[in-house]
Amino acid sequence: MKILVSVKRVVDFNVKIRVKTDQSGVETAGVKFSMNPFDEIAVEEAVRLKEQGVASEIVAVSIGPAAAQETIRMALALGADRGIHVKTDDEIQPLAVAKILARIVAAEAPQIVLLGKQAIDDDSNQTGQMLAGLLGWPQGTFASRVGVLDGELEVTREIDGGLETVMLKLPAIVTTDLRLNSPRYASLPNIMKAKKKPLAVTSPAELGADAAPRLKTLKVEDPPVRTGGVKVADVAELVSKLRNEAKVL
Amino acid sequence: MTVLILAEPSQGEVKPATLSTITAARAIGGDIHVLVAGAGIAAAAEAASRAEGVAKVLAADDAIYGHALPETIATLVASLAPCCSHVLAPATTFGKNVLPRAAALLDVAQISDIIAVVSPDTFKRPIYAANAIATVQSLDAIKLITVRNTAFAAAPASGGSASIEPVAAAGDPGLSRFLGAQLAKSERPELSSARIVVSGGRGLGSGENFKIIEALADKLGAAVGASRAAVDAGFVPNDLQVGQTGKAVAPELYIAIGISGAIQHLAGMKDSKVIVAINKDAEAPIFQVSDYYLVADLFQAVPELTKALS
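Those sequence lines, one after another, are chains A and B.
Numbering-wise (our numbering), the first sequence opens with residue 1 and increments by one.
Numbering-wise (our numbering), the second sequence opens with residue 250 and increments by one.
Note that these hints are calculated values from the structure, not bench results.
Just so we're clear, the structure is a prediction, and the values are computed from it rather than from any experiment.
Please note: incorrect hints may appear among the correct ones.
Chain A side only, calculated, beta carbon under 10 angstroms to chain B, not exhaustive [what the hints assert, rightly or not]: (1) D122; (2) S124; (3) L134; (4) R184; (5) A186; (6) S187; (7) L188; (8) E206; (9) G208; (10) D222; (11) A233; (12) L238; (13) E245.
Simulated restraints, written as ranges between beta carbons of each label pair [claimed, not checked]: (14) A/A67 x B/G261: 33 to 43 angstroms; (15) B/R299 x A/A67: 33 to 43 angstroms; (16) A/G151 x B/A557: 51 to 61 angstroms; (17) A/S56 x B/S407: 51 to 61 angstroms; (18) A/S240 x B/R299: 33 to 43 angstroms; (19) A/T28 x B/G289: 46 to 56 angstroms; (20) B/A417 x A/K247: 45 to 55 angstroms; (21) A/P189 x B/G289: 34 to 44 angstroms; (22) B/A402 x A/E108: 26 to 36 angstroms; (23) A/T28 x B/A402: 34 to 44 angstroms; (24) B/P405 x A/M1: 44 to 54 angstroms; (25) B/D467 x A/P189: 24 to 34 angstroms; (26) A/A67 x B/E457: 42 to 52 angstroms; (27) A/V239 x B/D356: 51 to 61 angstroms.
Glycine included, every Cβ here is placed at the ideal spot set by N, Cα and C.
Next comes chain A alone, as it looks inside the complex (with noise of 0.2 angstroms):
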């Protein structure tokens, strides 16, 4: 069967943010990008179902600037087999990643698109799910463990309070949680053998899929930064002081 992976490329997760002076966003000039962790994790579960011998071929696909293909070439030398380039320099919010993804699962066919659960920029959480409604597909969300049996998927997913498992009818959606895998390195031999593996560069308007923005971004500020705290000596000191100083005890 043939798996989808979808990458995107996101401040790395160890740059410090700052805010643009003029408030339109955050500050991206001269930062470290890097896959989205979530996405790593995708990326290594659909190697794990192809070794496992589930899985004969993984597409990776990214949507944004000409730098995206980085992203890409490190899903394959991670192990994906080919990649989709989806190039576009306007900003794609959820639903329009997802209608991209749509009209790509209908060229590809693929039995199971597996994507992070968020993307750590936007922190929005949605393109998986929105996928499945579009695709009319079961959903399996904030995975931590993925089989398939008899033809179906069972998913253990992280939920509040504990753990679920679902089974879900091929072709699914997948989103991955932290748990699911540790990703490997790419070793050096497989970056450079990424480099020759086919990439395709298509664009929104090619798919025929609606990337109109629904949401408009009117500013984005620091948060409210809290004041330094106080020094205390010892665990009597503490105690003392979050009675009587700050009466939460």
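For this one, chain A is given, so just place chain B on it according to the hints.
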């Protein structure tokens, strides 16, 4: 203007997450309708009808809603949404699972995890692990929104007397079925609504050592939380995780023990009223957001603190 709220599934009461969502709906304005979907939900619908500010409860009582499968509930939400200017759900794993699917069925955007209502079409939400706050305006006719519960006080659970109206099930597409759940049994309060939270991090060194966190939490009647590092290391289950990728909490008192204070952890707890940190590293970043901090070996300080509270 009518705001429809998708209630968090419950065993007969109104969940605090739903009550917080009601407060967000009141900030938007208009009539508030609450959709209670499940199997055998008479008591839950009754409880929702007593919450202050609710005008009507829609009760979708059907076996297909018994396990809160998104494939069935999103279909129901999408079928009811045209009544309304807004559809709100708590930003719990339930709300996050169902609402975006309903948004896609309606061909509208979703605004995730709002922390403030600026106007009926404009909201504030955290981005980049709450290192920036975006103000976003919706251009859609129906606004689908998930609400960060810690940003809105719970509406009173009594004082209302809404009518209860049964709604027919919207059909089961037969795409998925529920196999089972392993839910942590705990006498402690729920993490996202506890008055006090005691969290442990990588500094605990093992799951076994979390006992000292639990002992302190029980002394305080607190919930237990954990950093992502502690979850990744396998010390505790993921549902205890506080942070960008876990739960957002804002208790009156948050005690961070053996937690260095990675950005992604701070994103989930920095709205707490009073923050206390105990760490042996004098340079731990968590101290920069703490009201009180103690540089000490946690294996001595935490049992001592538990004892001092006796």
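To see whether the hints hold, each was checked on the structure:
This hint holds: A/D122 has a C-beta 5 angstroms from the nearest C-beta of chain B, less than the 10 angstroms allowed. About 5 angstroms separates the beta-carbon of A/S124 from the nearest beta-carbon of chain B, less than 10 angstroms, and the hint is met. Because the closest C-beta pair between A/L134 and chain B is about 5 angstroms apart, less than 10 angstroms, the hint holds. Residue-level restraint check for A/R184 is violated (minimum Cβ-Cβ distance to chain B is 16 angstroms; threshold 10 angstroms).
With a cut of 10 angstroms, the hint placing A/A186 at the interface with chain B is violated, because the nearest CB-to-CB distance is about 20 angstroms. Violation of the interface hint for A/S187 is found here, the shortest Cβ-Cβ separation to chain B being roughly 23 angstroms, above the 10 angstroms cut-off. For the restraint placing A/L188 at the interface with chain B, the shortest Cβ-Cβ distance is roughly 26 angstroms, beyond the 10 angstroms limit, so the hint is violated. Interface hint status for A/E206: violated, as the beta-carbon distance to the closest one in chain B is roughly 21 angstroms, over 10 angstroms.
Below 10 angstroms, beta-carbon pairs count as interface contacts, and A/G208 has none with chain B, the closest being about 15 angstroms; its hint is therefore violated. At about 7 angstroms, the closest approach between the beta carbon of A/D222 and any beta carbon in chain B falls short of 10 angstroms, and the interface hint on this residue holds. For A/A233, the interface hint holds, since its Cβ comes within 10 angstroms of a Cβ in chain B; the closest pair sits about 8 angstroms apart. At its closest, the beta carbon of A/L238 sits 6 angstroms from a beta carbon of chain B; the interface hint therefore holds under the 10 angstroms criterion.
Among the interface hints, the one on A/E245 holds; its C-beta lies about 9 angstroms from the nearest C-beta in chain B, closer than the 10 angstroms criterion. As the Cβ distance of A/A67 to B/G261 is approximately 52 angstroms, the hint placing it in 33 to 43 angstroms is violated. At about 54 angstroms, the CB distance of B/R299 to A/A67 disagrees with the hint of 33 to 43 angstroms. Range check, A/G151 to B/A557: Cβ separation about 60 angstroms, and the 51 to 61 angstroms hint holds.
The given range of 51 to 61 angstroms is respected by A/S56 and B/S407, whose C-beta atoms sit roughly 58 angstroms from each other. Between A/S240 and B/R299 the beta carbons are some 42 angstroms apart, a value that agrees with the proposed interval 33 to 43 angstroms. Evaluation of the 46 to 56 angstroms hint for A/T28 and B/G289 yields a pass: the beta carbon distance comes to about 51 angstroms. Between B/A417 and A/K247 the C-beta distance comes to about 52 angstroms, which sits within the given range of 45 to 55 angstroms.
Judged by the Cβ atoms, the range 34 to 44 angstroms given for A/P189 and B/G289 is violated: they are separated by roughly 59 angstroms. Distance hint for B/A402 and A/E108: a CB-CB separation of about 47 angstroms, inconsistent with the stated range 26 to 36 angstroms. Under the hint 34 to 44 angstroms, the C-beta atoms of A/T28 and B/A402, about 36 angstroms apart, fit the expected range. At about 52 angstroms, the CB distance of B/P405 to A/M1 agrees with the hint of 44 to 54 angstroms.
Distance hint check for B/D467 and A/P189: the Cβ-Cβ separation is about 53 angstroms, which falls outside the suggested range of 24 to 34 angstroms. At roughly 46 angstroms, the beta-carbon separation of A/A67 and B/E457 lies within the given 42 to 52 angstroms, and the hint holds. For A/V239 and B/D356, the hinted distance range of 51 to 61 angstroms is satisfied, since their beta carbons lie about 56 angstroms from each other.
Going down the numbered hints, you'll see the structure goes against 4, 5, 6, 7, 8, 9, 14, 15, 21, 22 and 25, while the others check out.
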